[in-house]
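For what it's worth, the numbering used here labels the leading residue of the sequence shown as 757, then goes sequentially.
Some clues are possibly wrong.
[As the list claims (entries may be wrong)] Straight-line distance between alpha carbons at most 27 Å, and here's what the computed DSSO-like set of lysine-lysine pairs gives:
| id | residue 1 | residue 2 |
| --- | --- | --- |
| 1 | K811 | K778 |
| 2 | K762 | K778 |
| 3 | K769 | K811 |
| 4 | K811 | K768 |
| 5 | K802 | K780 |
| 6 | K811 | K780 |
| 7 | K769 | K780 |
| 8 | K802 | K768 |
| 9 | K778 | K768 |
| 10 | K769 | K802 |
| 11 | K771 | K802 |
| 12 | K780 | K768 |
| 13 | K762 | K802 |
| 14 | K771 | K811 |
| 15 | K802 | K778 |
Since the hints were made in silico from the structure, they are not lab data.
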Amino acid sequence: MGRLYKAAVMEKKLKSDFLIEKIKEYGVTESPQGIPLDQLDYESLKHVYVIESFKYADRESHANAWF
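Taking the hints into account, I'd like the entire structure generated from these sequences.
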């Protein structure tokens, strides 16, 4: 039971670390509420990542160009 628990905790930590790195690639260091990324849980990190990825996609889309 101990190994399974440790594996689950490690997996969640790795996923969180991955999302933090992806979010930082967008230049974001904290959530919209002002909480540092390393203090957010996995679900909150997913939310921040989705919001930032939409902002980036909107910025890069040729359909959203002014002219």
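Pair hint K769 and K802, alpha-carbon separation not exceeding 27 Å: 13 Å, holds
K771 paired with K811 [C-alpha distance capped at 27 Å]: 22 Å, holds
Given hint K768 paired with K802 - CA-CA distance at most 27 Å: 12 Å, holds
K802 paired with K780 [C-alpha distance capped at 27 Å]: Within the cut-off at roughly 13 Å; holds.
Hinted pair K762 and K802, Cα distance within 27 Å: 22 Å, holds
Given hint K780 paired with K811 - CA-CA distance at most 27 Å: 14 Å, holds
Hinted pair K769 and K780, Cα distance within 27 Å: 16 Å, holds
Hint consistency between K811 and K778 [alpha-carbon to alpha-carbon, up to 27 Å]: 14 Å, holds
Given hint K811 paired with K769 - CA-CA distance at most 27 Å: Answer holds: K769 to K811 is near 26 Å, not above 27 Å.
Restraint check for K762 with K778, where alpha carbons must lie at most 27 Å apart: 24 Å, holds
Given hint K802 paired with K771 - CA-CA distance at most 27 Å: 10 Å, holds
27 Å Cα cutoff - pair K811, K768: 26 Å, holds
Going down the numbered hints, you'll see the structure goes against none, and every one checks out.
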